[in-house]
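J.: One-letter residues, chain by chain:
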Amino acid sequence: MLPALLKRFGLNQLWPTAGFPGGVHPVEHKITADSPIIELPLPPQLILPLKQHIGEICAPLVEVGEHVLRGQKIAKSQGYVSASVHAPTSGTVVAIQDHAIPHPSGMGRPCMMIEPDGKDTFDESRPPISDYRNADPAEIRERIRMSGIVGLGGAVFPTFIKMLRDQRNPVQMVILNGAECEPYLTCDHRVMLEHAADVLRGMDVIMHAVNAKNGVIAIEDNKPDAIAVMRGAIEAAGMKDVEVRSLPTRYPQGGEKQLIQTLTGKQVPEGRLPLHIGVLCQNVGTALAIHDAVCLGMPLIQRVVTVSGDAIPNPANVRVRIGTPIPFVLAQCGLQDLSGVRLIHGGPMMGERLPRTNVPLVKSTNGILAMKREALYSEQAVEEPCIRCGHCVEVCPVGLVPNELAWHCRNDQFDRGQEYNLFDCIECGCCSYVCPSHIPLVHYFRYAKGQVAKIEKERVFAEQSKVRSEARDNRLAREQAERAARRSKVRKQHAPAADGVKKTAADTKKAATTTSKTEDDKA
Amino acid sequence: MNILMAILTLGGLALIASIVLAIASRVFHVEGDPMIERIDAVLPQTQCGQCGYPGCVPYATAVAGGEADVNQCVPGGERAMLAIADLMGVAPKEVEEDAGVPMLAFVREDECIGCTLCIKACPVDAIIGAPKQYHTVIEDHCTGCTLCVEPCPVDCIDMVEKTQVLEEWTWSAPGKRPALENANQNSDEVKHASGTA
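The listed protein sequences derive, respectively, from chains A and B.
Take the first sequence: its position 49, counting from 1, is numbered 49 in the numbering used here, and each next residue is one higher.
Add 523 to a position in the second sequence, counting from 1, and you land on the number used in the numbering used here.
Simulated from the structure, these hints should not be mistaken for lab results.
Glycine is no exception: its CB is placed at the ideal position from the N, C-alpha and C atoms.
Watch out, some of these pointers could steer you wrong.
[As the list claims (entries may be wrong)] Output of the computed footprint for chain A on chain B, the stretches with three or more beta carbons under 8 Å from beta carbons of chain A:
hint: 1; segment: 524 to 538
hint: 2; segment: 654 to 660
[Claimed, not checked] Which chain B residues face chain A? A few, computed with CB under 7 Å, are given here:
hint: 3; residue: Asp556
hint: 4; residue: Ala644
hint: 5; residue: Pro646
hint: 6; residue: Val647
hint: 7; residue: Thr669
hint: 8; residue: Ala696
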């Protein structure tokens, strides 16, 4: 603790300055920063999961054997928080069945398989809204909803929900997130370099739709070329209300809440959204997708992905149709044999290791990393006891106490964990990264979060079961009582008039009530 | 004289205190044993009877009365045992029987004769059907208590493993490698199948 404090003192960081606390600066490995975006050819088959976003699963709109066009809607959303799926190319639907998806569980979801016909015919039913500045904001929002656009930074939250014009929380500032703080990933970097004008137009669409006064494009200072290009594009477009801000390179600068804290000095309150403090944050890739949807009439059917890692012979940034199988993408980058290779979906800090390789590329895929298994540190690292060095506390961007938190999670004391604000953890991985004892802290927090949700679900189920069981007991008792009442009524009606027999009848009645009483007790 | 004063004063105070206590016991009277309710609240409410008592409330009553042990609830597992031991203030005991994977009852409808015996046996009303009609289990309501299996005269009720869906998947604790880790990475086969049972 003391040496760390002295170090901070030396760096004049004893008191937190601007921005979020903590953070780390891992080796950048941005080996694909200078490789231009390559268009990938169409694969023999596309696999489209019917749920690629946060929210409700979609319902298929087409049947097996039907011919679809590029950009045609093939599955519609079934709830408010949902995003529809579109055909990435023209072709035939060959199957709708379960298929493995990129998920750490290795489990599957209903997917639609499309065999391309090679013609790539475009569905022209949605004309572009070319004059978006004079268009109704509701129309723009509807177009974004219809185009299945979700946050392409990795969270895949349906974009139209964020673009609400709310009287109570008017959006003051639109932030375009081009920080790209994850090591290896360069897709947003390349998008900014090669599509600066389109990204800017996408941002203009967002600002018009939510009636925002000013906009900020946030880029980390390790991408000076992107900063220069974006500044040039702003000048060329003559947009006076947008500025580029260069941010210090520090992971997780690109986290939504961290970025907002750096730019505005305000923290998003616990359990609230950036919307509640008048900020709207969108990824650079999402802005490009919005531009394509509004200005070109093309829904979200492709995205730019970084394919990198030490097992890839030709690392590259590629533009891929959504639904392309990941082995096909890797083969295009020179990696055929996947034995002895670990695949990571996303960046190395927050990405998830894929237990299966035969999965499609989805809307959330911003990077695919192929790592040699023996080179992966986590493969050999053995968890050792916590030495209470406090490094994890220093780097936590949310100000948690990861070591204490992990202690409670390990011992299944989830209520104590919640006292330590378990659910404020953004799973950025800084604590696991700096831990000298190789404790997989984030894994503990993910485990604990899952368990808390599971316990809550079981509790609700138990409560419902109890209600049903009590209702059944009450019903049985009531039926019993009704039966007994009916019996005694019948007996009364048939009671003989004679005195001598009356007594006997009364006795029988008494006996009957006692029997029913004992029966009641039994029940 | 002094002694008399002291006796009178203390006696008077005792009288007032007793009246206050008597009123308080009426005003703050608690119906039933709160311990039973508190124990019942941590039980899984499967009403399965695996503890040897005919339901969760009877078991909670027995535990609160000191008749039953804290470790008899099978589906509750270690978590319920620890919670009960905590409430009762006794030392935790090893849970002997393992709850295993969550199960569901499944009626093979083509064999069902519509006798309604399973409907009567279900403690949570999770089976629907009418006389001489097929019966079926409401998957979302079934607690997996197995009480319907025994009464069936044609043995058409199976206990099947509850299918795990992606939405219910959670991370396992570090150090415990998931089973899929050793599975063939490139196989097309998907472990989960929706819509069965």
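J.: Now look at each hint and say whether the structure bears it out.
T.: Going through the hints against the structure:
{"no.": "1", "hint": "524 to 538", "result": "violated (count 0)"}
{"no.": "2", "hint": "654 to 660", "result": "violated (count 0)"}
{"no.": "3", "hint": "Asp556", "result": "17 Å, violated"}
{"no.": "4", "hint": "Ala644", "result": "11 Å, violated"}
{"no.": "5", "hint": "Pro646", "result": "5 Å, holds"}
{"no.": "6", "hint": "Val647", "result": "4 Å, holds"}
{"no.": "7", "hint": "Thr669", "result": "15 Å, violated"}
{"no.": "8", "hint": "Ala696", "result": "5 Å, holds"}
Checked against the numbered hints above, the structure breaks hints 1, 2, 3, 4, 7 and satisfies the rest.
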